Amino acid sequence: MDEKDLELLRILEENSRLSADEIATMTSLSTADVQERIHTLEAAQVIKRYSTVINWEKAGNGEVSAIIELKVSPERDYGYDRIAERLSRFRQVKTLRLITGTYDLQLIVTGKNMQEVSRFVSEHVAPMDRIRETATHIVMKSYKENGNTFFEQQEAERLPYSF
Amino acid sequence: MRNFVSGRAREIPPSGIRKFFDLVLTMEGVISLGVGEPDFRTPWNICESSIYSIEQGTTSYTSNKGLQSLRVALSRYLAQHYNLTYSGDDEIIITSGVSEALDIAIRAIVDPGEEVLIAQPGYVSYAPCVTLSGGKPVPVRCMEKDHFKLDPDTLAEQVTSRSKALIINFPNNPTGAVMGREELKAVADIVIDHDLLLISDEVYAELTYETRHCAAATVSDLRERTITLNGFSKAYAMTGWRVGYLCAPKELCDAALKIHQYVMLCAPVMGQVGALEALRSAEDEKNSMVSEYRLRRNMFVAGLNRIGLSCHVPDGAFYAFPSVEKTGLSDVEFAERLLKEQKVAVVPGSVFGSGGEGHLRCAYAVSRKELNDALGRMEAFISGL
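Going down the list, the sequences are from chains C and P.
Per the working numbering, residue 1 is the first one in the first sequence, and the count goes up by one each step.
Per the working numbering, residue 164 is the first one in the second sequence, and the count goes up by one each step.
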């Protein structure tokens, strides 16, 4: 991993639809070099996959997401890892992290509607062994996701010309 | 009734080709590569700290020189980044943009009839400011074959007994040219030999893509005869805040300060507070903007050469300066027709003085998508000639 790899990652994180040709021109690398570097980063799972940031609220499919915090009794020899792996297998769990503070694990869960999310928590998450307490926060509105703001910003008035 | 307009005001030329620029205002769907400012918004931490200071009631005049805290921070910043040693107490003045810094610098040093050498192509304000001081602007042409760097021999040819000062601007608007230490040394020899003063406008200093910026005042013994101008507009996307600064040895700084206190009193305090925050916490933001400009530059310059507008790779600023010679059109014709036929606005190089003719200034401070669209339109225009 060198400076150029990091530069490639930053470019792809911002827009993964650029062609190897375009990236090559921007970074002063050869197209073959760009392709090879990307391939290596993919093989090493540094690049996990290429996805799209979607404002689902705007798409209007009524999907609901919630932040769920869990207090968990850690297991001897495994700590939180085994239970975290079990939880992460659920399709509904989009993000799962071990955190400091009052709670131990934090999940971001999505579902078709509020009922689906609450059923998922009460039927699948809360009853799991070693989970001592849950706190569910329904997301009311999203302003920013992964560096992308979801509110309209007024275009600043710019001079068409300035020297 | 008499004509009340002064001779000097009449003497300065109206800015470029006004009619052409007015046309842009009336057109819809234009991609403008004509704007000499960043397309980024000012980093939010800078805005936030200025807003907070207004809420706290920081709305009065500051010292004529500018906020003490800003001058001290700037002094440290200049030392760390450029090896420049200017005391925050009496060698730095915070100004309303580099525009004001340029004006007071020229007025502080030029007497009527004295000649000021100006490296061209160059920013449009230099010559009129000299004229307004009663001085005589003398262009020194930078050649495309030298990648628009200032050639010491060409400079020497223009020096006369009336020469008082030289104005340079590297990284350069409009050519993007950069001068390294060795190249500046050759210029320094001539400046020192002829006992000239140097005004070095370094507002694009942070925007260099291949090498670190070399500040003119750190070359040879230039410091004692150099006025360094710089500002926050380009590096931190703060054009509208109007904060620049002038650095010079105490005696020169005192002279400029007298003019500044009568004509400006002080730079706006909100801008100064924002500038201080920029120095404190916007380094990462600045660096990521510079990285983005570098990507755009590489992409855009490769595109220009591909569509047949030959263009050297500019090492700094955010301008590409391609030649339109091969199309058989003049820069003004090219720019006018490109605007009317393909709705892409660029600035004809001749606006920037001697040596600019036959070139276009294209600012790549617009999104990559707009740059790509502009390239497509320019290609269509050229193939239709």
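Everything labelled a hint here was simulated from the structure, so no lab data went into it.
These numbers come from a predicted model, not from an experiment.
Possibly wrong hints are sitting among the right ones.
[As the list claims (entries may be wrong)] Simulated coverage check for chain C against chain P, where a stretch passes if three residues somewhere in it have a Cβ under 8 Å from a Cβ of chain P:
#, segment
1, 7 to 13
2, 133 to 140
3, 150 to 160
Think of the CB as a built atom: it goes at the ideal place given N, C-alpha and C, for glycine as much as any other residue.
The hints, checked one at a time:
1. Look at the segment 7 to 13 of chain C against chain P: 3 of its residues bring a Cβ nearer than 8 Å to a Cβ of that chain, three or more, so the hint holds.
2. Using a Cβ-Cβ cut-off of 8 Å, 0 residues of the segment 133 to 140 of chain C lie near chain P, which falls short of the minimum of three, so the contact claim is violated.
3. By the rule of at least three residues with a Cβ nearer than 8 Å to a Cβ of chain P, the coverage given for the segment 150 to 160 of chain C holds, with 4 such residues.
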